[in-house]
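Asker: Protein chains in written order, with the UniProt record's numbering: chain A, 1 to 436; chain B, 1 to 436; chain C, 1 to 436; chain D, 1 to 436.
Since the hints were derived computationally from the structure, they do not count as laboratory data. Hints may contain errors.
Since the list gives no way to pick one copy over another, a pair counts as held whenever it fits inside one copy or between any two copies.
Computed list of lysine-lysine pairs in DSBU-like fashion (alpha-carbon distance at most 35 Å, straight line) [unchecked claim]: (1) Lys417 <-> Lys267; (2) Lys399 <-> Lys164; (3) Lys328 <-> Lys267; (4) Lys283 <-> Lys74; (5) Lys248 <-> Lys428; (6) Lys307 <-> Lys292; (7) Lys47 <-> Lys292; (8) Lys164 <-> Lys221; (9) Lys428 <-> Lys283; (10) Lys261 <-> Lys417; (11) Lys273 <-> Lys292; (12) Lys248 <-> Lys4.
This structure is a prediction, so every number in the text was calculated from the model and none was measured.
Chain residues, written in single-letter form:
Number of protein chains: 4
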Amino acid sequence: MSLKVTIIGGGSSYTPEIIEGFMNRYPSFPVTEIVLVDIEKGHNKLKIVTSLAKRMIQKSGLPIKLSYTLDRRKALENADFVATQIRVGGLDAREKDERISLSHGVIGQETNGAGGIFKALRTIPVMLDIAQDIHEICPNAWMINFTNPAGIVTEALLKYSPHKKVIGVCNIPFNMKNSVAEMMDCNVNDVEIEFIGMNHFVFGRSVYIQGEDRTAAVLEKMLQQNVDYSPANIVSIGWSETFIHALKMLPNPYHQYYFQKEETLEKDLTAFKENGTRSEVVKQVEMDLFEKYKDENLDVKPEELEKRGGAYYSDAACNLMDSIHNNKGDVQTVNTMNNGAIPDLPTNSVIEVNAVITKDGPKAIASGHLPLNIKGITIQMKAFEELVIEAAISGDYLKAYEAMVMNPLVQNEKKAKILLDELLEAHKDYLPQFQK
Amino acid sequence: MSLKVTIIGGGSSYTPEIIEGFMNRYPSFPVTEIVLVDIEKGHNKLKIVTSLAKRMIQKSGLPIKLSYTLDRRKALENADFVATQIRVGGLDAREKDERISLSHGVIGQETNGAGGIFKALRTIPVMLDIAQDIHEICPNAWMINFTNPAGIVTEALLKYSPHKKVIGVCNIPFNMKNSVAEMMDCNVNDVEIEFIGMNHFVFGRSVYIQGEDRTAAVLEKMLQQNVDYSPANIVSIGWSETFIHALKMLPNPYHQYYFQKEETLEKDLTAFKENGTRSEVVKQVEMDLFEKYKDENLDVKPEELEKRGGAYYSDAACNLMDSIHNNKGDVQTVNTMNNGAIPDLPTNSVIEVNAVITKDGPKAIASGHLPLNIKGITIQMKAFEELVIEAAISGDYLKAYEAMVMNPLVQNEKKAKILLDELLEAHKDYLPQFQK
Amino acid sequence: MSLKVTIIGGGSSYTPEIIEGFMNRYPSFPVTEIVLVDIEKGHNKLKIVTSLAKRMIQKSGLPIKLSYTLDRRKALENADFVATQIRVGGLDAREKDERISLSHGVIGQETNGAGGIFKALRTIPVMLDIAQDIHEICPNAWMINFTNPAGIVTEALLKYSPHKKVIGVCNIPFNMKNSVAEMMDCNVNDVEIEFIGMNHFVFGRSVYIQGEDRTAAVLEKMLQQNVDYSPANIVSIGWSETFIHALKMLPNPYHQYYFQKEETLEKDLTAFKENGTRSEVVKQVEMDLFEKYKDENLDVKPEELEKRGGAYYSDAACNLMDSIHNNKGDVQTVNTMNNGAIPDLPTNSVIEVNAVITKDGPKAIASGHLPLNIKGITIQMKAFEELVIEAAISGDYLKAYEAMVMNPLVQNEKKAKILLDELLEAHKDYLPQFQK
Amino acid sequence: MSLKVTIIGGGSSYTPEIIEGFMNRYPSFPVTEIVLVDIEKGHNKLKIVTSLAKRMIQKSGLPIKLSYTLDRRKALENADFVATQIRVGGLDAREKDERISLSHGVIGQETNGAGGIFKALRTIPVMLDIAQDIHEICPNAWMINFTNPAGIVTEALLKYSPHKKVIGVCNIPFNMKNSVAEMMDCNVNDVEIEFIGMNHFVFGRSVYIQGEDRTAAVLEKMLQQNVDYSPANIVSIGWSETFIHALKMLPNPYHQYYFQKEETLEKDLTAFKENGTRSEVVKQVEMDLFEKYKDENLDVKPEELEKRGGAYYSDAACNLMDSIHNNKGDVQTVNTMNNGAIPDLPTNSVIEVNAVITKDGPKAIASGHLPLNIKGITIQMKAFEELVIEAAISGDYLKAYEAMVMNPLVQNEKKAKILLDELLEAHKDYLPQFQK
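Chain A on its own, in the form it takes in the complex (with noise of 0.2 Å):
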């Protein structure tokens, strides 16, 4: 029996990962058939990709058929699975988004603030081509979608898009769990906890300990040990007692941007000073790394790639697979459809949230209202991110103009302006949709 898996974008740095993870499962996930694809201007790397992933493939011995393609809708032919791991004008683009940001004073982050929506705007039209083809070609394959920002994607596509097995997934809840593990000193495996919110904007509300609720242990330790789960791209500070205490919950790293606005602009803006922007830390990595790539002796997954943001991505992706597969019915925390999981937010919008994962996809668990002191931000990022998908699906000016100024990290009339202007003439190449 066949089990083919498409990824596009196929030659990210990542990739060595992915491929990795498919071997690790083998013998529950018996993969016969990868196709890396990619765009022609990135040609070349995923010529050097796809020769790594053949080494790594030959050394396990396993039958799994791999190559690559520059035409997507042949690699989506009789796909099982579509796992999307795109950037939209590349790391320049990127790297244009946090300049222009932080010269306003404003963050830039990739997934957050003007950054966030401008890579939004650039990713989520051509997320929906890629459905399209889907949804023509191999319409029962499940996407699984690590594109950032990953859940305003995931939503986009769900609401606008005719194929709707669509599956968003994120590191950070496997981070978070990692760093409880490591606190509590315990098995990662023992380890569960409730999530409740948005993509990059979630909360851990509690965590459970071989099911028993040992959240305010957690979270002293986590004050006592200053425990730092933030992923390498972003940065870290870390909380003060009163905030965790009266939180309650576990916050995810990018709740830094929200909460301590100040003094993460201020350390944004001193690393790019000193070191430029991240997507320029970012492009010297990936090109030590394609150079590693090359070496034709190199036949594993290089180290260097876990200290990237994004470690952990595929295994949340593989095991996603994993339980579609095999009907496994366990729960992972991924991007879906809320359907009333959280009373408080649209039915019909994507959370990010603990799900029962089976063939017919995921099925969120429902939470009960918001807790009062995350509930008025929570829903006015929710209404962003709407805001957001509006925009970038209609191009229309005034839409994404109303995006920019009501999210929390800009919300000033004038600034948002300028920054839409400048970032709307530098990506122009990538948003067709605003050039009507």
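Guided by the hints, dock chains B, C and D onto chain A, whose structure is given.
Answerer: For chains B, C and D alone, kept in the frame of chain A given last:
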């Protein structure tokens, strides 16, 4: 390590079934002590059941300590689980419900119509007392409630008792899965049904076999084979093709009372004339069972027990305790807080729903909005349930009248009063809250 | 300045009432032109009514131009208000609704039960056509809809027509206020009733006299005097003390069909045997009226008209037009968008509600949550109405079946099909959407 | 017939305005007795104001009895209306709010940011005491609350006081209508604005002139004329074209603090450096006013009063009392229960909304869903308000911290604590609930 289960209403004829359930699950759920509790009036039955249960355990050779007592508070000491399977007023009260209702041409079934209302009014105050005792004596124990109307009783407890570790169970979802397995000739473990609604008013929205959505096929099979999955205690008429095609879901057997009201009433009336009420039939069955139980050579659960309406109740309960104890994280169908799982029903109401079961109890899986074709009637039934609970708690005559007149099987302003007055008088010994 | 009113269904026997209404309000609502429109089949009646109306106006000496036409689109040119008072299929169709329903022991009343469903199925498509014409020809005109079932028709228009200036009116709230004024021996203008619910399923939650809440006193008076405010066209049985004390609100006469189902059915059946259906009675009344109308000496509205069920409809409509025209900002009871006024019903559904009337149309006054005692049944009725609308729009057999089986006056899976099939056949000429 | 009004905080410099208001409305609202109440600390001012008020009344020749007292409970006897216009801690407390906030670079405006939070924390307990007195002594009296933050205070009273006849009023909606009338060169009585939101966070969604929707024209006019309708007490910066075009609604002046945060802060800081805090400015204004009031020849309201931020407050209040007294049924903008009028906000929260005013109080007019562009921020502000109320009631440090950190003008975990601690210390005499 001790693992103690207290069974309130232990003198029930169903007890051998739950004892067998514990023995079967001993490897994963190693119960060390079982205490059967009952009231003075059931002393004799309690002794008979205890003896049989002891013989059953002895035969198995398992190290389970079993005893009985009339002292409920003593029995609760150190309990880990408390199963409640009481019948306030016994079968005599049920007979009155049925006789009086039928004498006025109204369905008096145990959990539906006028009968269901009065069973709730009698039961809720007693269950609140039990929950209060649990809260004081063994606050960490989970209360597993079989007592009907299971959904209404569970909601009353979760709303008005300080003890919040309460779960309601019913065998109907279990029966429906069994019936599907038979129809589709597959293993019951391969069947998943997405249940939406409330206890005895639940629909099977989607049926999955090995993870594939086979709802349409199952519905056709059901129509072709005229499959009957009614439990022994209620009528069975069968559904028309048009109804099933319009419904697009699996009804549960109790829906006959609502959508075949005239026919079920006629059947009940005919049966009443021929054999008396269902409770009279049951009384005879019980008498026969207890005769059997007395036989000192009997050391297994007698087969006759499986022919009762409540068969498999204990399976549902034992599976639940097993999953809680072992923090399994599997999916079971229980009566628990909605929390948004069905956004059309109050967040703080109890629904019958698939839930993930861990040591922290059940967490409902979100379903999204009710299909329009059952939205109205489902919301009405839930509002009716709220009226019953308010009446049971307050002892307010007019609230009881509201519940009666708004029940779709009564819904007549004059008949509601006649029934109410006659039933209040008949049951006055068990309705102290109405005597104020 | 011109002020033109077009009356669709102008050949109705009720027309003299609305003409009188315009003449009475001439000082504040100086209508300059009235056009009566009807279909070919009603040509003769239209001519008779037009002649009478002309004599009435001539007598008044008011400068109102009145004419008739069969050309609907022409009649709409430059209209400021369009009143719709049509009856698709005429009294013959109503007779079939009643005869067929009653022959199966089901209430077939014009706006309730099986009769109401079929009246909606016949009427909605025609009304959508009319609204489409208005939208094209006189887009600024307000459409004032008298056509029953007025609430359902208005909701269908507001959901599916591009013309959004639509308001439904009914005389029941008006009658209820009149009855209260009589009971309490006060001026009807001093009576305010807070209405909650839907057309023909509305409750009077609070009754104010000169601003004082007198609800309890009014309810007692009603019980003492056994007050009857049923319109001429429906049964009148009277309410029991217990029902009224539990309800704590004013029911409307149509509630008898729901809470006195058996009794009203019996009355309807008896009347049917003695006098034929209500529609046959009405046919005779109409024939007599038109005989009168032909009398060239008649130049006033004949008194007999006030004995019809629809009396005062036109008062409600004329007051509404007057307030819109003059931007009065007073409070009237209309059928309009909920918008949250009753949070338990869909925001985008139509309710019968007190609303502030300005040039911009009606704005519903918020009521807060429905009292628990009517919450379930009210939501159920609204969901039923949605099913009817979906059936009327789609022409889908199963959707029509769903509406039939979920109507509380039918709610029997077999009877629903029998009624549906027989009525679809009987009305097939007026149900083109079901012939696809 | 007597008609008594009690004014709590009667020693306020605004009192002459409300006295004038009563005199102007005497024909329709014939007040017979006015009692001015204040606390010991305000004794001197109270005497001065009382003398002036007496001279004003004497000049008018109206038979209004006016007196003052420090005995609040006595003053409430037989009151029909109670106006509350207190300032707990006086202008000294306001000065601390402003100074401390600004010293940490945070907006400390009286009703926004850290200042608004502390004004609420000080005021709510005192207002609950007053409401309790009213409930005991004159339970039929309407409490008309001017005290800021008027919306939050009114919500706290409606949630936690047994006295439910409470309405909040503000002059901002009144000012906005006046500004529109000026801009559009029309009579203010011809202007209607549909307000949505909360006190000091309200938007004008639609503007009608003589019933015609002129919103777009008004917005253009506002941009062209750079119209300033800010009250005297707050900054005025003006809005950009893009913001207004995207908003498509009238903002209120306080929105500057949220969407021009940096600019308003800078203006406030500059003003602070030049003139000290706003409260210091006001202190001087007050001193000058009281000097004037002392003049025994003064027998009219001095013009200077109209230059204060709260001008027209008393107009709003007098109109409200007039409509209640006369059961007018007109539409006014007040702070009252939502009840579904804005379905996105809690049903039991207080909004600033157009409402029909009768003897039974205000009934909000339903608006339907919030436009998406303001949905998020409006819901967040309401959740913030709930946090403030919970903190004020409980005296819980962490709840107060939650309110502080979730306020969009603070939203920094560290700054929140610094502000909170410093303000709690500064105001400890007026925050007994936090001393437990």
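Asker: Between lysine 248 and lysine 4, at a C-alpha cutoff of 35 Å, which is it: within one copy, between copies, both, or neither?
Answerer: For lysine 248 and lysine 4, the Cα distance is within 35 Å only across copies (33 Å; inside one copy 44 Å).
Asker: Since the copies are identical, ignore which copy is meant and state whether lysine 248 and lysine 428 lie within 35 Å (CA to CA) inside a copy, between copies, both or neither.
Answerer: Close across copies (26 Å), not inside one copy (43 Å); limit 35 Å.
Asker: State whether the alpha carbon distance between lysine 261 and lysine 417 is at most 35 Å within one copy, between copies, both, or neither.
Answerer: both (20 Å within a copy, 15 Å between copies)
Asker: Is it within a copy, between copies, both, or neither that the alpha carbon of lysine 164 lies no farther than 35 Å from that of lysine 221?
Answerer: between (41 Å within a copy, 28 Å between copies)
Asker: I want to check one pair: lysine 417 and lysine 267. Are their C-alpha atoms no more than 35 Å apart within a copy, between two copies, both, or neither?
Answerer: Answer is both: 25 Å inside a copy and 21 Å across each meet the 35 Å cutoff.
Asker: Under a CA distance limit of 35 Å, which applies to lysine 428 and lysine 283: within one copy, between copies, both, or neither?
Answerer: within (22 Å within a copy, 55 Å between copies)
Asker: Using 35 Å as the alpha-carbon threshold, which applies to lysine 399 and lysine 164: within, between, both, or neither?
Answerer: both (25 Å within a copy, 25 Å between copies)
Asker: Using 35 Å as the alpha carbon limit, work out where lysine 283 and lysine 74 are close: within a copy, between copies, both or neither.
Answerer: Close inside one copy (30 Å), not across copies (70 Å); limit 35 Å.
Asker: Should lysine 273 paired with lysine 292 be assigned to within, between, both, or neither, using CA atoms and 35 Å as the limit?
Answerer: The answer is within: 28 Å in one copy meets 35 Å, while 60 Å across copies does not.
Asker: At most 35 Å between C-alpha atoms: does lysine 47 with lysine 292 qualify within a copy, between copies, both, or neither?
Answerer: within (14 Å within a copy, 78 Å between copies)
Asker: With identical chains, the pair lysine 307 and lysine 292 could be close in the same copy or across copies; at 35 Å between alpha carbons, which is it: within, between, both, or neither?
Answerer: within (15 Å within a copy, 71 Å between copies)
Asker: For lysine 328 vs lysine 267, is the C-alpha pair at or below 35 Å within one copy, between two copies, both, or neither?
Answerer: neither (43 Å within a copy, 44 Å between copies)
Checked against the numbered hints given earlier, this structure breaks only hint 3.
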